[in-house]
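Asker: Chains as they are written, first to last, in my numbering: chain S, 1 to 245; chain Z, 1 to 215; chain H, 1 to 215; chain D, 1 to 221; chain E, 1 to 221; chain G, 1 to 165.
No lab work stands behind these hints: they were computed from the structure.
Mixed in with the good hints, there may be bad ones.
To be verified - If you anchor each label on the Cβ, the simulated ranges turn out as follows:
#1 S:V167 - G:V64: 44 to 50 angstroms
#2 H:G24 - Z:V8: 45 to 51 angstroms
#3 Z:P67 - H:S112: 47 to 53 angstroms
#4 D:P114 - G:V64: 49 to 55 angstroms
#5 S:G51 - G:A139: 21 to 27 angstroms
#6 G:I13 - S:A147: 33 to 39 angstroms
We put the CB at the ideal spot given by N, CA and C, even for glycine.
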Amino acid sequence: MAIHWTKYSAPSAFYPMAGRSLPWLAAGTLLLTAVGVYMGLFSAPTDYKQGEAYRIMFIHVPAAWMSMWLYIVMAAYAGLGLVYNTRMAHMLAAATAPTGAIFAFLALWTGAFWGRPMWGAWWVWDARLTSELILFFLYLGVMALRAAIDDRQRADRASALLALVGVVNVPIIYFSVKWWNTLHQGATIDFSGSKMDRSMLWPMLILTVAFWLYSFVTIFLRARCEILERERHAEWVGELLDNRG
Amino acid sequence: MSQSLEAVSLECVRGDRRLFSDVGFALEPGELLHVTGRNGSGKTTLLRMVCGLVRPQTGMVCWGGKPVSTLGDEFFRQLTFVGHLNAIKDELTGRENLMVEAALRGNPVSESQAASALSRMGLKGHDRLPAKVLSQGQRRRTALARLLLADTPLWVLDEPFVALDVHAVETLQHAIAEHVAADGMVVLTTHQEVPIKAGRKRTLHMGGSGTGVAA
Amino acid sequence: MSQSLEAVSLECVRGDRRLFSDVGFALEPGELLHVTGRNGSGKTTLLRMVCGLVRPQTGMVCWGGKPVSTLGDEFFRQLTFVGHLNAIKDELTGRENLMVEAALRGNPVSESQAASALSRMGLKGHDRLPAKVLSQGQRRRTALARLLLADTPLWVLDEPFVALDVHAVETLQHAIAEHVAADGMVVLTTHQEVPIKAGRKRTLHMGGSGTGVAA
Amino acid sequence: MFAVTGMVRRDVILAMRRRADVLTTLFFFVIVAALFPLGIGPEMATLRIMGPGVLWVAALLASMLSLGRMFAADYADGTLEQMLVLPQPLSLLVLGKVVAHWLGSGLPLVLLSPVLGLQYGLAPDVLKVLVISLLLGTPVLSLIGAIGAALTLGLRGGGVLVALLVLPLYVPVLIFGAGAVEAHSSGLGGEGHLSLLGAFLLMALALSPWAAATALRISLD
Amino acid sequence: MFAVTGMVRRDVILAMRRRADVLTTLFFFVIVAALFPLGIGPEMATLRIMGPGVLWVAALLASMLSLGRMFAADYADGTLEQMLVLPQPLSLLVLGKVVAHWLGSGLPLVLLSPVLGLQYGLAPDVLKVLVISLLLGTPVLSLIGAIGAALTLGLRGGGVLVALLVLPLYVPVLIFGAGAVEAHSSGLGGEGHLSLLGAFLLMALALSPWAAATALRISLD
Amino acid sequence: MKPRQKRFALVAIGLVALAGAGTLVVNAMRSNLVFFFSPSDVMEGKAPHNKAFRLGGLVEAGSVQRQADGLTVHFVVTDMKKSVPVAYKGILPDMFSEGQGAVAQGRMGADGTFTASEVLAKHDEKYMPPEVADALERAGKDPSKGQHPGGQPGGMPSGMQNGGA
Ligand code: HEM
Ligand SMILES: Nc1ncnc2c1ncn2[C@@H]1O[C@H](COP(=O)(O)OP(=O)(O)OP(=O)(O)O)[C@@H](O)[C@H]1O
Ligand SMILES: Nc1ncnc2c1ncn2[C@@H]1O[C@H](COP(=O)(O)OP(=O)(O)OP(=O)(O)O)[C@@H](O)[C@H]1O
Ligand SMILES: [Mg+2]
Ligand SMILES: [Mg+2]
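The following block holds chain S by itself, in its conformation from the complex (with noise of 0.2 angstroms):
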């Protein structure tokens, strides 16, 4: 390939890029998240069963998903910046828990709003809600270890440590309408294809771009934020702080 992606573990070279992308990535969530919106409430037809109320789905299913894959990136960054030791990786994944604890905010409190109407009540102790409450404490424990500890190298590698040991939980949320009996239906999108017309699978998958791209630009921000604060002393920032003024 002709990128080389490695280069960007180095802070100087990841903030110019991540400077770069950001307005394309503002520009693609707005423009898919009005999209998806657009479609999610005048195209997508009502459902034979559920009425309007599953339009709920065009935000819960996206947000769940994206709560457990932001999991899965912060803990692999995390491990990265375990075993490589690069600043870099830790500052990702630093910048991708807040997002993901939102996400996973989201799923839930769409979930429970959902599930009033639907199943008659806003929460049962099935296995995925439980697992999923899990998820959202983890993150929020993530980052209540990190805001703790004042040495940041310690704050770096304790927190990534807490992400890898809690990742034991996505699977699980992800499989426990298999394995259990739940409350939450089982699922609609699988590896073997969709049980949702085309209708209304269209507008869910570019929300979930919508989503995912809206991840990249908090992400991103948030990254930038930290690396001017972690490398203020470096030159390269100095000088472009010169540059601004």
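Dock chains Z, H, D, E and G with the ligands against the given chain S, drawing on the hints supplied.
Answerer: Then chains Z, H, D, E and G with the ligands, alone, in the frame of chain S:
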């Protein structure tokens, strides 16, 4: 098998500060390295780095030519470390402290061995008291008694003389000199003088930029 | 109003041991009392007794002729104590530590006063770091900077020189000498020498039986 | 009085430096309140009965857990020793520390309790009584806890020992606190319970700073 | 292997010197188990339903409370630092400490639980399942707890932070532990739950000493 | 033992423990760890006897009868093999309807009727517009049966089938 200790261009960053960089030294059997420097110059940090407790940003510490991070237990078997914390349990008596620690190392010592090490450190009559009630200096002595029982070639001592009275300082200086004379190695920090009888004494001064190639 | 400190036949029993008995001394303004003795001879305990932190078995400590146990706050207002613990909060910076402590005493100091005290103790540039990250010696210096801000006649210092480098030792010796010269009183323990310019120096040697009438 | 406010200020600044402390007490409260439905099963009728009791027990445990923080740090770094030789009445300094402790560990729970109460399906008026009972009760917990924390200072395993010492004194607070809510929701009116709680509070305010100060002097001898 | 037994011996001796620690964990367990009927009211039918859940939650809290003791003392006095430079695999030393912790905080609860269970009116066969579930579950709590305790070492307010970190991982243990008893008492047989608990135990045994050892190295850096 | 051998031994022990854990998990999955019981379970006596539990399955077509008070409802829950009559007093979730999944919480009465204190609706994982559902129905396929070869027999929402398998 006599080994050598070597540190190669160590660097340490704490918070925003580069505490030291490009610190290096080499220590052969029969040598003592006295790490000096002002308060806060990074002596404690360097010693902890030598013991593998702190990971250097760059550079490495080698034992017998191999990085200690890969040697693991093999290196620790050669090392006795007395940090600025005494590492004694308040609930145990002096004797028990020494025996428990030796047992965990894998070289158990008998009660009478422990008692004699303590009495050499001037703690006769205090070695059956729980460490909790001992005075600052007595606690330090108990921690240092470990050195008299250890048969490791490398001693790493962080301000060992702190809180000791003149008698105890003398005893310890004597023990260090003997260890060096018997082809041991010592790395220590202290703001006091360390006379040794035989062997070579090096000094590593921390502080200022471009610090730290041992003279 | 200049007062005097007097200790009358103090006795301390710890566990089964009579640590000391019949210890007494009298200290006038412009005098320094150097408490010496081997490790474990009871110096720390004596100093804490002087401050009213430990109650004597028999005997009493008097300030201006009145027992301190009945004086309470009135005595504490005359006293600055630096124990072997540094009494600084890890979370606060050096400046904040000094300011908070002074405010609680009831004599608030400004930030610049705190900063100048710290810089006199050689902590310029380190006084905005949380105390947690400071080295042993730097922490001790922060604790001692309190003395430079205090305007109390009586200082009680337990091994103040521990962990200090030569520069800091000099600064502190200087500060102590000045305080004594300005008609202050100092009670301290240390295993080092304490030269003073003016005033009188007494020594109280602890240890052995029948110890402790100050010479 | 100045000793109290100065101490409160100091401890609040310290707590702000370690915001995690306050947040984690809160999380603990939330998590314990969430655990019970897990252990017991999700029947709404049962939950509604248990709700006030569980929330009260959770508040009690959260407050107790954070007792360790009241003096331990000051003891370990020697600032407590300094407090004893300050020219201020020790009991007022202690009162200041207790107030700061409550601001960081009791008040947030009180503010959060209505939200958790909703989860247990409690009605709005029941929630109101719950909040009042916690508002009166949690300071008592902090005050009593101060004595226990001072007595166990520096003992290894103090965290559990303190539990043993303070729990017997916590029990009446728990009984009347949870009792107030129960009495109200069963239509009896919880005023009697609440005014007893108020009496506890005044009594604790009068006695406990003094007792805790004495305990501190003993622990440091 | 020698590292494990040596460590267990050391910590058991230390615990014997401070017998209060073990006793107070026990008392804590007893008191929490006794508090609930107070907070909730003494109806036997309700108590029987709640019994297993309350006992499990009490065991969980007792175990969590005593986590602070696992490394804190060793950290403060420098013996932990020494452990890191011992010529023994750190993960085995950690395993030794965990075993000792369980012997002092988990095992006594297991042994005491039948007595408390009786108080809640549980039948003998239900008690048997309760004991087995605690026997399998409490070591998992100690193992997971070790990671949290190691990560929060030396942090102020660590006691509550550790709760936040380990509780999410404790929840499954609680669910399946209390679930086993419930499944059994409703005639379903708790074997499924129990074998899941066994699986947790093996998994925790394999991974947690290593993770906790890594956490210790990080915390002492 | 040399350090390398020691490390190897430790890793091996760890792997054995993990394998053991895997076996136990599989074993656990074979016994029932359930959010609810199916009517077959109830008929086979697997469900709790004198205790509240959850009963899950499909609401049998044509079985829903509302009492005059407008609140009490009788219906039958089935898993296509066995069925259980249910009585419930209270407000039903919107999604509750015949042919749909439902989970009821309550106890078995002596007369073989399940008295529910709470009813939750459970739906399947299929989403489609009504026209498609109609078309499928006209083509003789039960829409809730799925368009996939692996579709669930008997129109059960898939979650209702695998009682922990
Ligand atoms: C608080 C309650 C809820 C939580 C925590 C929750 C959690 C989750 C999670 C974590 C996923 C992603 C799993 C995966 O990718 O397989 C998910 C997917 C989904 N959830 Fe929920 N959910 C909740 C409530 C609901 C409700 C009430 C409904 C519908 C009535 C619902 C419908 C869905 C659907 C359709 C999917 C997509 C499944 C797939 O295609 O894989 N959820 N939910
Ligand atoms: N319970 C006890 N039983 C026996 N001896 C005790 C007990 N408690 C304290 N001691 C003794 O009291 C003495 C404490 O002395 P203190 O700490 O005052 O000594 P010090 O003169 O300050 O010594 P250092 O120079 O080491 O600081 C020690 O010798 C200790 O052994
Ligand atoms: N997070 C941080 N930010 C800035 N400086 C830090 C940080 N952490 C540690 N330091 C600095 O690192 C140094 C630690 O040095 P160390 O304890 O090794 O000193 P030392 O040479 O042993 O001193 P002493 O003689 O006082 O024992 C201190 O100067 C401290 O200010
Ligand atoms: Mg040092
Ligand atoms: Mg002393």
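Asker: Next, verify each hint and record whether it holds.
Answerer: Now for the hints, and whether the structure bears them out:
1. Our hint of 44 to 50 angstroms for S:V167 and G:V64 holds, since their Cβ atoms are close to 46 angstroms apart.
2. Against the hinted window of 45 to 51 angstroms, the Cβ-Cβ separation of H:G24 and Z:V8 comes to about 60 angstroms, which falls outside the hint.
3. Restraint check, Z:P67 to H:S112: a C-beta distance of roughly 49 angstroms satisfies the suggested window 47 to 53 angstroms.
4. The hint said 49 to 55 angstroms for the Cβ distance between D:P114 and G:V64, and at roughly 38 angstroms that hint is violated.
5. Taking 21 to 27 angstroms as the suggested C-beta distance range, the pair S:G51 and G:A139 conforms, at roughly 23 angstroms.
6. Evaluation of the 33 to 39 angstroms hint for G:I13 and S:A147 yields a pass: the beta carbon distance comes to about 36 angstroms.
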